[in-house]
Every structure is written in structure tokens, then in C-alpha cells.
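So you can see what is in the structure, the chains are spelled out below.
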Amino acid sequence: MFDDRSPIYRQIADRIKADVLSGALKADEQVMSTNQYAAYYRINPATAAKAFQQLVDEQVLYKKRGIGMFVSTRARDMLRAQGRETFFGEVVDPMVAEARAIGIPLAEVIRRIEQHENNGGV
Amino acid sequence: MRVEVQGLTVRYGDVTAIDDMSFTLSGNKIYGLLGRNGAGKTSLMSALAGYRKPSGTVQLDGVPVFENAAAMRRVCLVRHSADAADKGDKVSHVLEYGAAWRDTWDNDYALELTELFKIGLRTKVGELSLGQRSALGVVIGLASRSPLTMLDESHLGMDTPTRYAFYDTLLHDFMAHPRTIMISTHLIEELSSLLEEVVIVDAGRLVLQEEADVLRSRGTEVTGNASDVDEFTAGMTVLGEKSLGRTKAAMVYGALEDDQLIRARGLGLELGPIALQDLFVHLTDPVGGKR
Numbered sequence: 001m002f003d004d005r006s007p008i009y010r011q012i013a014d015r016i017k018a019d020v021l022s023g024a025l026k027a028d029e030q031v032m033s034t035n036q037y038a039a040y041y042r043i044n045p046a047t048a049a050k051a052f053q054q055l056v057d058e059q060v061l062y063k064k065r066g067i068g069m070f071v072s073t074r075a076r077d078m079l080r081a082q083g084r085e086t087f088f089g090e091v092v093d094p095m096v097a098e099a100r101a102i103g104i105p106l107a108e109v110i111r112r113i114e115q116h117e118n119n120g121g122v
Numbered sequence: 001m002r003v004e005v006q007g008l009t010v011r012y013g014d015v016t017a018i019d020d021m022s023f024t025l026s027g028n029k030i031y032g033l034l035g036r037n038g039a040g041k042t043s044l045m046s047a048l049a050g051y052r053k054p055s056g057t058v059q060l061d062g063v064p065v066f067e068n069a070a071a072m073r074r075v076c077l078v079r080h081s082a083d084a085a086d087k088g089d090k091v092s093h094v095l096e097y098g099a100a101w102r103d104t105w106d107n108d109y110a111l112e113l114t115e116l117f118k119i120g121l122r123t124k125v126g127e128l129s130l131g132q133r134s135a136l137g138v139v140i141g142l143a144s145r146s147p148l149t150m151l152d153e154s155h156l157g158m159d160t161p162t163r164y165a166f167y168d169t170l171l172h173d174f175m176a177h178p179r180t181i182m183i184s185t186h187l188i189e190e191l192s193s194l195l196e197e198v199v200i201v202d203a204g205r206l207v208l209q210e211e212a213d214v215l216r217s218r219g220t221e222v223t224g225n226a227s228d229v230d231e232f233t234a235g236m237t238v239l240g241e242k243s244l245g246r247t248k249a250a251m252v253y254g255a256l257e258d259d260q261l262i263r264a265r266g267l268g269l270e271l272g273p274i275a276l277q278d279l280f281v282h283l284t285d286p287v288g289g290k291r
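Chains as they are written, first to last, in full-length UniProt numbering: chain A, 1 to 122; chain B, 1 to 291.
Take these hints with a grain of salt, some might be off.
Said to hold, decoys possible - Which residues of chain B face chain A? A few of them, derived with a C-beta cut under 10 angstroms, are:
no.: 1; residue: Val63
no.: 2; residue: Asp168
no.: 3; residue: Pro178
As the list claims (entries may be wrong) - With a straight-line cut-off of 30 angstroms between C-alpha atoms, the simulated DSBU-like cross-links for lysine-lysine are:
no.: 4; chain 1: B; residue 1: Lys118; chain 2: B; residue 2: Lys87
no.: 5; chain 1: B; residue 1: Lys29; chain 2: A; residue 2: Lys64
no.: 6; chain 1: A; residue 1: Lys63; chain 2: B; residue 2: Lys29
no.: 7; chain 1: B; residue 1: Lys118; chain 2: B; residue 2: Lys29
no.: 8; chain 1: B; residue 1: Lys29; chain 2: B; residue 2: Lys87
no.: 9; chain 1: B; residue 1: Lys124; chain 2: B; residue 2: Lys90
Read the hints as simulated data drawn from the structure, not as lab findings. The C-beta atom is built at its ideal place from N, Cα and C for all residues, glycine as well.
So here's chain B without its partners, still in its complex pose (with noise of 0.2 angstroms):
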């Protein structure tokens, strides 16, 4: 499904927590949407679910989602542990309910996933851990099989297996079936194989939008002598810097240019990659620094 948000703000009050963002998914690829605590990722994905009436545009497949029933019966927005559950519920109502309110929901393989993550049917919703609240947000997300599929921090309480198997999964189901999936996660590292983009955004805005192959390629660690990193790189958007005695390390965005490659052997500095995680921290604002 194609997404197409164009000029969407949202506040809440005084508080503006998506200013006039702009961006289109294409669509059928995973994307990670990043971003700190409060930068508007969940405002944001509420907005493209259609749960909030937009001030600026939000387009899936080229019609508003916002009351649009038909556009909404093709989306779902799972919030982190099944939030919106009733406590008082089982599962299999959760279920049960997830079938109704969309067309593409998959029955045997949501039962066939709840006992992969060792969800009773019959156990209430208010009775299961975090982790198992979490896993049955994936349930409800995957089973959904929706054109747009959207996982807010659904990792949250997983142990480490679990996580794994959820990863596994996903793919294997984006796979067999390919639609418009995005997941924000705070656990980058783990997650960014599995992004085909990344939506990065910060303070209510849109920071980038990009492959993240292409944005891995992007980030350089340039490390040698002090000065002779600060001469090399000179005019060039650097993220972060850090020196151990005469030895300094700048982290530098933007591809390289041959004639660059060559001035830093030259220079005797070291070039380096910059992992995803890294570069997340590096593009939005740093905690108690300045940018």
C-alpha cells in the first residue's frame, strides 16, 4: 500500500508533536520508522491509521484514510502490548475481534502464531506478562495480513528468543506475503537488517528518508592525528567527534569522493563504517549536547 502524508501536523493542546511533515512510502517494503521518545512517532502512526482527523493531507493508496471505512478495514496499528485490549478479555475474543474489523485477516495462521508465542487462547489479556502482551500485538498484527501494517514498539518486554522469533517471522510472512509494513523500535542494532528504509524523525519533523543500505554507506568514521582529521574534514557535515589524547575521531555524513579517499591515505587516517545505530543517535538531538 501506497502511503502519501503530505503537510501533516498534529498538536495536542500547546504541544505540537508532528510539525508539517511530508514524505511518500511506495510501499510493500519493511520500513523502520526511528526516532527518540516524544519525536512523534506514535502521533505519527496514528495519524496514518486514520484514529486522528490530519491537518495537512494522509493518503493510503491515493484516497484519505481519515473517515474512510474501507480505507481503514485495510490498515491496523498495533500499539505496543495490546493496549487497547480489554484487561478483562481472552485472547480468543482478542481474536475474534481482530477477524471482524478486518478483510484480511488470516484465522489459522493467528492461532497458528499464538502458539509460537505460547499464548493460552483462554487466558485473559490482563493475565499476561508484558512480553506475552507484546507477542500477541505481533499476533494481531501479522494474522491482520493489512496492505499497511503498523508495529509501534511491539518488542517491548520480549525476552531476547522471543525478539528473535518475531524478527524471524515477520519475514518470513512479509516474504510469502509482501505488503507495507512499519515497525518503530528503540532497538535499532537488532532490527536494521531487516529494514528495506528508514524513516527518521525528530521533534515532530521528518530528519530522513532513505535505503538504509544507502544510509549505512553514508556515515564515515574518520580517525588519525588531530589536526590532520580536523584539515580532512573541513566543509564537511560532521555528526560527532571524540579524541583520545593526539588521536581524534570525527564522524562524518556523506558519501565520498575518490579525490577524498585519496587525501585521507595521504593523511595516514583511517576510514571507517558507522553502524546504523550510531548514525540514529548522531542525526536526531543528543542528549544534554548540542547537535
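For reference, chain A alone in the conformation it holds in the complex (with noise of 0.2 angstroms):
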């Protein structure tokens, strides 16, 4: 379930990120406990811990004592904050470089994008 390569913890963290961005995990609610985590991914319960205490520094998740980990209130909106920050650069650049690479004129790319927002979508 892990590629074993980077930091199991980061995998863990960058997992419950996408899932406050995506709105599955929803402000104030409750995540799920370390042992629980552990079990589900197979992993050590202190790899677990440490993914949440990441996420504790980064002000996504905060403490209850004797509770548990719950969503910052303000996560999503931070998260969302951050990625629009590196989106052009992780995101578009990337796109525009395989565009050029395999003959895709960038007007043609433009010309899909405004589909998109004509349709009214994303």
C-alpha cells in the first residue's frame, strides 16, 4: 500500500491532506485513532503518531486530551491557500513542458481550458 521509499509518515500525512482538501474530512470532525490508522495501513503505530504530530505542527489537525485528533477548523482553507501556491509551479509548468514536448501548440491547450470554463465546470 506504501512504496517504502519516502517517509512512511509524509504518505499518512499527505493521505488525511487530501482528504480535508476533498472535503471527506470535514472541519471539527474527529480522525480516526493512531491504532486504528495503524491496523488499516499496516504500519507502526509510531509512524502513525508521528504523521499525526506533523499534521499537529502544520496546524491541519489539533489535540483534544484524552479524545483524539480532530480538523482544524481553518485546514481546509489553509490547505487550499498552500496549493494554489505551488499549483502553476507542481502543476501547469509541468503540463506546458509535456505540451511542448510531444508538438501540442499552447494556443490549442488555452483553447481546451476555456471548454472547461465555458461548460462551467471546474
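Both chains are sitting in their own frames, so use the hints and assemble them into the complex.
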């Protein structure tokens, strides 16, 4: 389930962030316990705890003593803002490079994007 | 249970199996003991279990384990395929034996596990398949609930579904009853996500002891134009290299600083992670090659 390459805790943290971004995890919703995560993903509980700690440090989650971990109220807005910062560098620029490599004129890419906008889409 | 090893040496005649090894396990974690065949894994585990008189010291929770009955009752070492059991003994007898030797034995759990692994209580040990004998070893290891539990190659002969059942059971029981568990295996890829720390031994010496996730973040594969890769990796610890035409990939060991990441991007080099298993291969003596 994991690629066993980059640290597993980082992969877990990224998944939880993705769930917050997609809305699968809502603000102030409780997330599963470290032991539940560990059993589900078949990983060491200390690794799961490390992922949660990273998310607490980044203010994506907050801790309620003796109860568990919850999604911060601002988590989704914060992650969306972070995503916007890196979007052009990580998504658009590589796409442009790929388009050039395979010979698609940028005008055509732009046309396609405009179609999406006209369809009232994403 | 805390484990402290200081200057441990184990010799068999002229052969030095463990050569002046020192390390400390803070305890209550799942440790992976990784090493090639003949690296000294079993010798090390035997010394930790108090099976042999150490040259150097082995202390469990601060007391020497050798010829210390109280300490040994809190240790369980299962060698692969439960080879210490008499072939003519019934499984039920082996479990009674396990119970007699260990204060922390949980018999209900032992019976639950024999059912899980489909081991008949009336079956004689000699009639079990290799995989079942290994599973019996896991039953003894886990049901002992020993503060120090060591499983040496416990996966031998198990088929894949049985191994996965073993991993899940191990994890559940560890979470319910945290204790120091040390596992040796050659199936690193399968087991690595369960490990909190790894201890790598090679030729009787300690190569490293590190958190598994930290170790994972230390290895980087640098791929690109051969001359650029050479320029970039100069002065770094390069564990291995391979080339395909003008492209070269080098495995470097050690965390990369921000300025190095920027330089790599400038040179158009691709940086990728290395699997724990590959790191292990390159950190120990390669087969038929130079380090």
C-alpha cells in the first residue's frame, strides 16, 4: 500500500491532507486513532503518530486531550491557499513542458481550458 | 524492556560471529534485525536471550541476562520453525511447555492463535509442514507476551496469506500489549512498514541502528547525465551506481541540504527515494562485488 520509499509518515499525512481538501474529512470532525490507522495500513503505530504530530504542527489537526485528533476549522482554507501557491509551478509548468515535448501548440491547450470554463466546469 | 549490549563478542572456534558490538534498544518498539546470511543475527539473538555466556555484557532492564533465571523468564526467543521442539511432541504439549517457562504466557491467546493458523493441538510437531511449524513458533512468541520477544526468521515456509495474518496479528497484539519485539527477516520490503527501528548487522558488526523512517529519508537516487551526476555526487557517500547509455543513476546516502536540492534542479537531475530493501543491500557487503 506504501511505496516503502519516502517516509511513510509523510505519505499518511499527505493522504489526510487530501481528505481534508476533498471534503471527505470535515472541519472539527474527529479522525481515526493512531492505532486504527496503524492497523488499517499495516504500519507501526509510532509512524502513524508521527504523521499526526506533523499535521498538528502544521495546524491541520488539533488534539483534544484524552479524546483524539480533530480537523482544524481553518485546515481546508489553509491547504487550499497552500495548493494555490504551488499550483502553477507543480501542475501548469510541467503540463506546458509536456505539451511542448509532444508538439501540442499552447493555443490549443488554452482553447481546451476555455472550453472547461464555458461548460461552467471546474 | 530495555536492552543494552556493550562490547559483545561471540566466537565459534576460529570464527568470530559477533565482533565487539555495542548498542542500546530503549524498548517497547518493534525492531527489525537485518543482515545477510551469516551476518550474526542468530548469534546476537541467542546472546540477548542469555543462551550463551557473553564476552562483553548483555543487560536487560539493567541486569545481566546470562545465568539469570528471573531475567530469562521474561525473554522469548523463537528460532525459525520452532526447531527446539521435539518432533514427537504434540502441539498441546509444546504450548504447556511454553506456559511453564514464562510468567507472562496467555493461554487463551495461544489457543486463539493456533486456531487462526489452523494448527491442530493433537498434531505432532514432526507432522506439521514447515509453514505450520513457523506459525507454531509465532504462536509461542506472541502468546508468551514476553517483555523481550525475538522472532528469528519466523516467516520461513509461510505462504503469503499466512504471512499477512502474522503481520496483522503481531501489530494488533503489540498495540494491545506494547513490549520489545525484535524480528529478523529477509523479506524486508514486506515487513518494513511494521518496524519502528532497524538494526543492520554485517560480518558480525553493527552497521547502523536507526528509525526506519529516518533511514528511508536518508537515501536518494540521483539520475541524469553521467557527468552531471558525477559532479553533483562528488564528496557524497555513494552506495551504488548504474549506467544506461549516457544516463547514470547514483544512490547517495545522507540527507540533502537545500542548496544541494537547488543545485540538482539547476543541473536537471532527477532525485528519487530509495526503498529500505535497496538501502540494506547497499549498506551491507554486496554479493561478489566491492563496496
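Now for the hints, and whether the structure bears them out:
Residue-level restraint check for valine 63(B) is violated (minimum Cβ-Cβ distance to chain A is 27 angstroms; threshold 10 angstroms). For aspartate 168(B), the shortest C-beta to C-beta distance to chain A is roughly 7 angstroms, which falls under 10 angstroms, so the interface hint holds. With a least beta-carbon distance of about 9 angstroms to chain A, the hint placing proline 178(B) at the interface is held under the 10 angstroms criterion. This hinted pair checks out: lysine 118(B) and lysine 87(B) have alpha carbons roughly 18 angstroms apart, not beyond 30 angstroms.
Between lysine 29(B) and lysine 64(A) the CA atoms are separated by roughly 25 angstroms; this keeps the pair inside 30 angstroms, and the hint holds. Between lysine 63(A) and lysine 29(B) the CA atoms are separated by roughly 24 angstroms; this keeps the pair inside 30 angstroms, and the hint holds. Proposed proximity of lysine 118(B) and lysine 29(B) is supported: the alpha carbons are some 28 angstroms apart, at most 30 angstroms. Distance restraint check for lysine 29(B) and lysine 87(B): the Cα-Cα separation of roughly 33 angstroms exceeds the 30 angstroms cut-off, and the hinted pair is therefore not satisfied.
Under the criterion of a C-alpha separation no larger than 30 angstroms, the hint pairing lysine 124(B) with lysine 90(B) is consistent with the structure, at around 4 angstroms.
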